[in-house]
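**Student:** All chains should be modelled from the sequences, with the hints used to inform the complete structure.
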Amino acid sequence: MKQCLAPLVESRPLGPGLLLHTYHDSDIAAHAKPGQFINVRVSGATAPLLRRPFSLCDADPAAGRFSVLFRVVGEGTEALARAGAGDRIDLMGPLGTAFQWEGVERALLVAGGVGVAPLHFLASQIWRAKQAERPAPRVVFAYGARDSGGLALADDIEKRVDLLAITTEDGSRGQRGLVTAALDPHLAPDTAVFCCGPTPMMAAVLRRMRERGLKRGWFSLENQMGCGVGVCLGCVVPTRDGYRRVCCDGPVLPAAILDFTALCS
Amino acid sequence: MNGLSTCERPALAVSLGPVRLKNPVAVASGCYGYGGNYREFYDPSRLGGIFLKCVTPAERPGNAPQRLVETPSGLLNAIGLQNVGIERFLREIVPAIEGIDTAFFANIGADDLDGYAMLARRLSDVPKIAAIELNISCPNVKKGCLAFGADPESARQATQAAVQSSRLPVFVKLSPNVANIGEMAQAVAEGGAAGITAINTLLGMAIDVETRRPKLANVTGGLSGPAIRPVAVRMVWEIRKAVPDLPLIGMGGILTWRDAIEFLLAGANAIAIGTGNFVNPMAPMDVLQGIEDYMAQHGFASVAELSGAMEG
Ligand SMILES: Cc1cc2nc3c(=O)[nH]c(=O)nc-3n(C[C@H](O)[C@H](O)[C@H](O)COP(=O)(O)OP(=O)(O)OC[C@H]3O[C@@H](n4cnc5c(N)ncnc54)[C@H](O)[C@@H]3O)c2cc1C
Ligand SMILES: Cc1cc2nc3c(=O)[nH]c(=O)nc-3n(C[C@H](O)[C@H](O)[C@H](O)COP(=O)(O)O)c2cc1C
Ligand code: FES
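Protein chains in written order, with the numbering used here: chain A, 4 to 268; chain B, -8 to 303.
If you are wondering where the hints come from, they were derived from the structure by calculation, not from laboratory data.
Where hints are given, some of them may not hold.
[To be verified] Computed spacing ranges between beta-carbons, pair by pair: (1) A:I260 x B:R0: 49 to 57 Å; (2) B:R37 x A:S29: 22 to 30 Å; (3) A:E136 x B:R79: 45 to 53 Å.
[Claimed, not checked] Here are the simulated DSSO-like pairs of lysine-lysine, each with C-alpha atoms no more than 30 Å apart in a straight line: (4) A:K133 x A:K218; (5) B:K119 x B:K13; (6) B:K13 x B:K232; (7) B:K232 x A:K5; (8) B:K119 x A:K5; (9) A:K162 x A:K133.
Here a beta-carbon is modelled for each residue, glycine too, at the ideal position from N, C-alpha and C.
**Tutor:** In structure tokens:
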């Protein structure tokens, strides 16, 4: 983990309000793991004050590059969206925990909206392992969004996974409906689930997993952060094991301890 | 102000009564954990002091989330003193800070005078702890703490309870949520305080206008960060006038060296950085360098010369 002023290599629009930022920093690119995030100071001013966390969307150690995919939702992401190639961005990373896929034979990746970012990285990493003929799981990728415009990186993902199942709420691409409706054919008991998206969606995925007796799963959670490094205790979420810090006990937490009922109330 | 010949570097060490800091830059309670988390950014032994996260007699789970809300140039928090309690603090945290060479202040919070006395006593025998910071100003717990910081007589009693039970110097952390901060400073001085730290967070609140619900589960929280800095500087200045000779560590919204110099000019002997660490993990090191450069440029030979050097 380090702090640096990383040059923005490219800012690429990937849909309405969606941007893919690629940065250069060899250390971060070399150490980044899927599920981990960077914490970005979006302006040099005191407002917005706090850093903004973004999951790593990919990392290429050979090129010393890594990327994040973000949706413009407020002041901080608007400021970040104004940055252009060549600008140096103050960021910290890689932070937090990663998805654990070693030993998994069947992986089901479930992404909702911009939650696709860490799962895109995971799919890429597994794909690279396969290219290098290392043991790696079979990957089914279920990807849901409101409409086809929200399906950033779907074509890229399709090339790297065994099966991509797309759902959109308006039916503009793939199956119409919520991503949870596309899971059932892929819930064999030995499947490990990797999930990131809006909290109600993750709650539904966890419920379905438990109904089907699936034990192994990793979920990437979100919460308002203060420090991002574990000191302020501001980012905690309730779990079956008590409060856990999203920034350093997470963002990726094991399904076994998750309790979305407590989390949603 | 000509105490400095051109090639000398200013002296950065600060004496706070019995406590010596190697430089005037410390980190504030609850904003630095127990010293280890920022190790990857710089060596924490370079800090003048570390104020540890509050410890209470028993373990506390803290408040339900949501615990944080960002506000304009500020942060509202309602952590609720989540900590492992004094027994585990002594067993697990004290050994972990052993390798860090700086002045450690143990921040203590309790519901009653006996609790403060017990904590002060238990910490007396820990060689690694340089002083106690008596937290009578946490706005985020249901009873105790802030209640002691709200009126002069209770503050004096809490101070006295800790002072009488401990061999360690007791610094008292004052709450800004009072009408007359000078009176509070005098009261804790009477109670035997070895020094004062100020300010803790300002009581605040934020409402989500769409859901019409409070943004914090605790409803109210403590405001920190640059938004509170002018209030903090004013209070440090008033405390200095009320207790001219008591060691005083100023804090509240410090992000840069300029912010820190303001506190020193207003009368603080040293400063602490809280929320600033979250924004810039290197803030303490940047501030320290900035203070040193400022002193050299303006001809201050020591931090003591700079403390209270506001003109007019
Ligand atoms: C570990 C972690 C990883 C994250 N990864 C990503 C990522 O890869 N890509 C990404 O786009 N975002 C990600 N986020 C969310 C991102 O940090 C926030 O969207 C961002 O901080 C918003 O900042 P802002 O100043 O633009 O909006 P704010 O001014 O803070 O918020 C503006 C409005 O948007 C709402 N809002 C905040 N966050 C979200 C959100 N995630 N979705 C919808 N509405 C929101 C707020 O409630 C508010 O109403 C992640 C968050 C965490 C904790
Ligand atoms: C997340 C958080 C936790 C805090 N916890 C404590 C605490 O345990 N004890 C205490 O005395 N002050 C605590 N404080 C207050 C700070 O130590 C400091 O007095 C205050 O935040 C003002 O300084 P700042 O603006 O530099 O943060 C906390 C502040 C924050 C933001
Ligand atoms: S953001 Fe501070 S502990 Fe997680």
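**Student:** Any hints this thing doesn't respect? Which numbers, in order?
**Tutor:** 7
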